[in-house]
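K.L.:
Sequence:
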Amino acid sequence: MDEDLQFLEESYLFNVCSIRPHVAVATETPEQEALDLVWYSNVLVLPSIALVGILCNLLNLHILTSNKAARRMPSWHLLVSLALFDSLFLVFATLDVTPSSLHLFIRNSTLNAMYTKMVLYIRTIASTFFRASILVVVAFNIERYVCVCKPLWAHRVCTSRTSLLAVMLSLTIAFGCSLQWPLVYQVTECFDYESDHYYYIITMKTDATLQMYYRLTNMVSLVMFNIFPILLILVLNSLLVRTLKQVVESDKRRSSGADTTTMLQPAEESNGNKFNANAILFAVVVLLFVCIGPQAPARLLYDYLGPYHPTVVIYMCISQLLVFLNASLNFCIYCLVSRRYRSLLTESIKRLLHHDAEWCSLTGTQLKTKISVLMGPSGLHTEEYPMLERRAS
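Residue numbering for the sequence shown follows my numbering, beginning at 1 and increasing consecutively.
Treat the hints as calculated values from the structure; they're not laboratory data. Where is the CB? At the ideal position from N, CA and C, for every residue including glycine. You may find that some hints are simply not true.
[What the hints assert, rightly or not] Label pairs and their in silico Cβ distance ranges:
#1 E194 - K117: 18 to 28 Å
#2 R72 - A208: 51 to 61 Å
#3 R339 - R242: 14 to 24 Å
[Claimed, not checked] Below, a list of computed lysine-lysine pairs in the DSBU-like style, where the Cα atoms sit at most 30 Å apart:
#4 K245 - K117
#5 K245 - K150
#6 K68 - K150
#7 K205 - K117
Take the sequences, apply the hints, and build the full model.
P.N.:
In structure tokens, the structure reads:
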């Protein structure tokens, strides 16, 4: 019995170690072309998108944290958490995908061993922040629905304490659904006899219980983070649109019975503001559907055709690209759609430019004062220095 188990283990290692990611294939096969596409995506495209997304999210955090008006927004905690989670996801996701395509990390045994042993935990952190970001978007939409459609519940639901609780709950659920990476997968050591060095790859454990746990977790995550959020947000926004239409029709009926010169313009302005304030929700829904939705068929293809099929590789690259875009484009959605956010952005830029102008003016005045003191007559008395200081200030 022990000999049979040893034979199966050696056979498994032989099949696993037949995968040699550090050896390039000379012939142009569909598999090699797909791997070349993965290299361009992981090394060039995804880091560029991540860099732009991180900078935009940092600017987003600056706007939300430096403006007192932004702190009074009912969804302030959720918006800050969304920008923070997106930034952290982009950082750890880039650390996950980019080094695996660099020859330095593949051919060097020491770097390959260090990276392969760390990447499972990096992938867990990236998956946690990505899924927590989706749940925060859901919480944001629920909060807006309650504020607009159920105003009597708003004082109990739309509070800072509830928002913080939603953020912590999102992180906990996302972390619990991301533990399959270090639990189910393992680092396998292989030896390349041609190059005479060890290399390490990530493989799934052979334990049947862990594999069943992985399939269950994968199915739950597919429903919870890819299908359920889109359907729930679609329903919430449909109800929100119906409520807004009823409000608009009610305002029109009230304005039609009053003086048109005094009531019609404010009513139209108010209605336009209501639509603009909630347009961000629909933009986020579309972005979520386009960027997160394709992950569901990508996972099904991955399980059905295997990880190294050319179609799966290409589709996974596209799906991964859309996920990075989702984390990077939230800032653009807020900036382009929300009028209040645009005003906060303009105010922050003006304050930043005004601060720089004041600093340059103050520095120039101090420099001019020092030059005047140095170039002045030798009989300049010490009591004249306070006058120069007052002029400089």
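K.L.:
Each hint needs a verdict: does it hold in this structure or not?
P.N.:
So, going through the hints one by one against the coordinates:
Between E194 and K117 the beta carbons are some 24 Å apart, a value that agrees with the proposed interval 18 to 28 Å. Checked against the hint of 51 to 61 Å, the C-beta distance between R72 and A208 comes to roughly 55 Å, which is consistent with it. Checked against the hint of 14 to 24 Å, the C-beta distance between R339 and R242 comes to roughly 23 Å, which is consistent with it. Simply put, K245 and K117 have alpha-carbon atoms about 55 Å apart, too far for the 30 Å limit, and the pair is violated.
Taken as a hint, the K245 and K150 pair is honoured in the structure, with Cα atoms around 15 Å apart against an allowance of 30 Å. Between the alpha carbons of K68 and K150 the distance comes to roughly 27 Å, so the proposed pair stays at or under 30 Å and holds. As the CA atoms of K205 and K117 are separated by approximately 15 Å, the hinted pair is consistent with the 30 Å bound.
When held up to the earlier numbered hints, the structure conflicts with hint 4 and nothing else.
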